[in-house]
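Q: Use the sequences and the hints to build the structure in full.
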Amino acid sequence: MGTLLTVEDVTVRFGGLVAVDHASFTVADGTITGLIGPNGAGKTTLFAVVSGFLAPQRGRIVFAGADVTREPVHVRARLGIARTFQIVQPFVGLSVRENIAVGAYLRHRDRAEALAEADRVARRVGLDRLLHLPASALTVAGRKRLELARALATRPRLLLLDEVLAGLNPSEIRDVLPVIRAIRDDGVTILMVEHVMQAVMSLCQHVHVLAQGRLIAQGTPTEIARDPRVVEAYLGQGAAQRLVSGASGHG
Amino acid sequence: MYSPEILFAALLNGVMTGAIYALIAVGLTLVYGVLHIINFAHGAILTAAMFAVYGLHAAWRVDPYLALLPLTVGFFVLGYAVQQLIIGPASRGDDGNILLITLGLAIIIENALLAVFRSDTRSVDVPYAFSVVEIGGLLFSLPRLLAVAVVIAVALLLWLFLAYSRTGVAIRAVAKEKIGAELCGIDVARIYAVTFGLGAACLAIAGSLLMPTYLVNPRVGNAFVLVAFTIVVLGGMGSVPGALLGGLFIGVVESFSGLFMGESLGQIGIFLIFILVLLVRPTGLFGAKA
Amino acid sequence: MSGASAYGSVLALAAGLGVLPVATESNVLLNFLVFMLIVSVAATGWNLLGGYGGQFSFGHAAFFGTGAYGMAILQERAGLNAWAALPIAIALGAAVGAFIGALAFRARLRGSYFALVTLAFAEVLRILANVLPITGGAAGILIRLRVDPWHFQFADQRVLYWVALGFLAGALLLVRAIERARFGAWLVAVRENEDAARALGVDALAVKIAAITLSAAITAAAGCLYAQKFLYLDAAIAYGPWISVEALLAPVIGGAGTVFGPVLGAVVLLGLGELTKAWIGDLTGGAVPGVDLVLFGVLLILCVAFAPRGIIGLLFRLRVWARWARS
Chain A
783 MGTLLTVEDV TVRFGGLVAV DHASFTVADG TITGLIGPNG AGKTTLFAVV
833 SGFLAPQRGR IVFAGADVTR EPVHVRARLG IARTFQIVQP FVGLSVRENI
883 AVGAYLRHRD RAEALAEADR VARRVGLDRL LHLPASALTV AGRKRLELAR
933 ALATRPRLLL LDEVLAGLNP SEIRDVLPVI RAIRDDGVTI LMVEHVMQAV
983 MSLCQHVHVL AQGRLIAQGT PTEIARDPRV VEAYLGQGAA QRLVSGASGH
1033 G
Chain B
128 MYSPEILFAA LLNGVMTGAI YALIAVGLTL VYGVLHIINF AHGAILTAAM
178 FAVYGLHAAW RVDPYLALLP LTVGFFVLGY AVQQLIIGPA SRGDDGNILL
228 ITLGLAIIIE NALLAVFRSD TRSVDVPYAF SVVEIGGLLF SLPRLLAVAV
278 VIAVALLLWL FLAYSRTGVA IRAVAKEKIG AELCGIDVAR IYAVTFGLGA
328 ACLAIAGSLL MPTYLVNPRV GNAFVLVAFT IVVLGGMGSV PGALLGGLFI
378 GVVESFSGLF MGESLGQIGI FLIFILVLLV RPTGLFGAKA
Chain C
26 MSGASAYGSV LALAAGLGVL PVATESNVLL NFLVFMLIVS VAATGWNLLG
76 GYGGQFSFGH AAFFGTGAYG MAILQERAGL NAWAALPIAI ALGAAVGAFI
126 GALAFRARLR GSYFALVTLA FAEVLRILAN VLPITGGAAG ILIRLRVDPW
176 HFQFADQRVL YWVALGFLAG ALLLVRAIER ARFGAWLVAV RENEDAARAL
226 GVDALAVKIA AITLSAAITA AAGCLYAQKF LYLDAAIAYG PWISVEALLA
276 PVIGGAGTVF GPVLGAVVLL GLGELTKAWI GDLTGGAVPG VDLVLFGVLL
326 ILCVAFAPRG IIGLLFRLRV WARWARS
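The listed protein sequences correspond, in order, to chains A, B and C.
In case it helps, this note's numbering puts the first sequence at residues 783 to 1033.
In case it helps, this note's numbering puts the second sequence at residues 128 to 417.
In case it helps, this note's numbering puts the third sequence at residues 26 to 352.
Hints in this document: simulated from the structure, not taken from any laboratory.
Be careful, since some hints might not be right.
Not close to chain A: a few residues of chain C, all C-beta gaps over 12 angstroms, as computed [said to hold, decoys possible]: (1) Ala37; (2) Gly41; (3) Gly43; (4) Gly104; (5) Gly162; (6) Ala164; (7) Pro174; (8) Gln178; (9) Asn218; (10) Ala221; (11) Ala224; (12) Val292; (13) Arg334; (14) Leu343; (15) Arg344.
Short derived list, chain C residues pointing at chain A, Cβ under 7 angstroms [unchecked claim]: (16) Ala214; (17) Glu217; (18) Glu219; (19) Val227; (20) Ala235.
Cβ coordinates follow ideal geometry from the N, Cα and C atoms, glycine included.
A: What follows is the structure, given as structure tokens:
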């Protein structure tokens, strides 16, 4: 399995605050890779760097063998990097179908083809019965799907999912998980930022953990769950110790 | 080329014009700082103020300086009402809407004045229009010297008001953090209206100071307002000290470019500065926070 | 709507307006109609950038005036034939648009800042036109009277009307085609949410610059028409705020971001304007300048407050209500 994305020694500072601190990791082709960490760890910032919305102070982004660090957002999209936004950004004045078609136009110049592609993508994410609604009429779950559909319509090789499950109820999450898996099975590599741990556990082959801007651990979901550094990053200094002693205490 | 005396006179001239520019710009920047809107009706309101001064003088021979106080109060109330009754409700808080509404207000005011007063240029006749005072061997126009003094006084009063009064503190709170201010129980809609009223009041003062030496016609505000925009952008949108300094600076620039390039090309100098600042540094030369 | 039927409504409107002059030979009315068509073309240009692209220009006079002066100067100073001057004048207008757009959009100006900078450019051009010898300075510039279709001057006002109508139909067809093309979808996406559009591979800067260039070209064409109709220009006419304001008001009142909004808006605005002027004139026994514009300003505010998508949006809402009431 080849490497599709390499993040190399990336550092981002906002004034005095170091949001991402010498972060390096890779994403293997054809996998679902998770990026987790407590709030404020720098996950969304790292996404912004990979998708091109933010220029890092140092480090580089290599995608499919080419250095894209200096490429603007739309060029990266053309190369095959698509993203969703944590706070959904629908084109509220347009219909669901038109929203998705904007993405589809990236690979189809012709209107009829772009609309047909939009219809196909809508079916894949389960929006096909809402195509003619205005985007503003969708529920939160619907908007998350729309976000996903638009990104998919650009035919990405790498899909960056920024908390697509946040704000959904358990049954809605259950509905979306197979959709994400099916996207991977179609050959799209996925890098996801996610707080819903059961989703990370069930979807990801590999997980990177970010805390205070630094990558502190990586491995399979089971390895990560056992890693004391990860537990500490989430629950605070000494938490792993307490958990272990607590567990032994209760037999 | 030019003797030092001429250059010095041009400098002082610029400072005196700049003081009035500064006052106009303070009104504009205050509204921007608090409401985050560019008030395109600012120039038209200034024209209205100048016509009000003219009207009071024409009808009852009210001296422009005497008109200053009642007009300031009157325009404050007017501005308050316009924000509370028209801009606020009609815009539903959308920036694009506010842009269009203030443009609509500008069109209405300017053309209503045109309908009533026609496009003739008018002036008030006061005996002191050409009076001069001598200070240290230099001659100063009395009305323009008075204008500088009043602008300084207004700037001080405004500063005291914003720094120490309850409403002033509330205005600054809304400017900094609207939602936070709202949560603290500040009536944001009222603060918006008060701020808009203050902006209009500044224009009433400027109008009273201008009329003894300037001419008025329904389009006169346009000339001032583009200058005021330039000053506000230059001084940093929303920064009151920036507007004061920027006003003086532009007054001097205009005075010198008028000297070197002639009247109408001198105006181009200002526009070029304006465009340049917008393109290069939209946060202003004096670096106000966006 | 698919294929040819998408353009049918534009052609139907053109045909409908085309037979109007058959019903009248009144020169007063024809003059008014030609003027209305000129404003409609200028407004259609504004609509492309403002309505579809969401970038509100307060300075479309910069393009209108460049088209108009281009037409006059190329004929009078360079001795070009009017029809040869026409595409050059339009290209000049487009170039001014591309220049302003490249500067303003590269500097990431939007909203009020963009409105301000367009206004400032129009004012700079107005002041320049008022002093430079090539534009005739404050005295203005006359296009020689040579009534001959070869010189784009017509003895019969109806012919000019049909030519102007042809311009409008062309502009509307162009807008309709853009609406149905990838470029149009991208332009609207940039209006709705620029970051989201960029993430989907849209080069927002290029799209906006292309939009202002096309928009400027259309409005410059309106300026060319104006020059050939009145054969006289000065700075206050060509680069004056009046055309910036009317090019903006017509689409906003008619329905910004719709093909026919600018035309409908121009008809309503200028029609109501004439009626008001006549009515107030009767009332006071003489023409009163500015009353029509006061009305326009009131309409603008009312539209923003109660009809966000202009008259067309209002009609659409009425239709929905009517359907709902019937069922």
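Q: None of the hints should be skipped; say for each whether it holds.
A: Structure-based check of each hint:
no., hint, result
1, Ala37, "holds, 22 angstroms"
2, Gly41, "holds, 27 angstroms"
3, Gly43, "holds, 29 angstroms"
4, Gly104, "holds, 43 angstroms"
5, Gly162, "holds, 45 angstroms"
6, Ala164, "holds, 48 angstroms"
7, Pro174, "holds, 39 angstroms"
8, Gln178, "holds, 41 angstroms"
9, Asn218, "violated, 5 angstroms"
10, Ala221, "violated, 4 angstroms"
11, Ala224, "violated, 5 angstroms"
12, Val292, "holds, 25 angstroms"
13, Arg334, "violated, 10 angstroms"
14, Leu343, "holds, 18 angstroms"
15, Arg344, "holds, 16 angstroms"
16, Ala214, "holds, 4 angstroms"
17, Glu217, "holds, 4 angstroms"
18, Glu219, "violated, 10 angstroms"
19, Val227, "holds, 6 angstroms"
20, Ala235, "violated, 14 angstroms"
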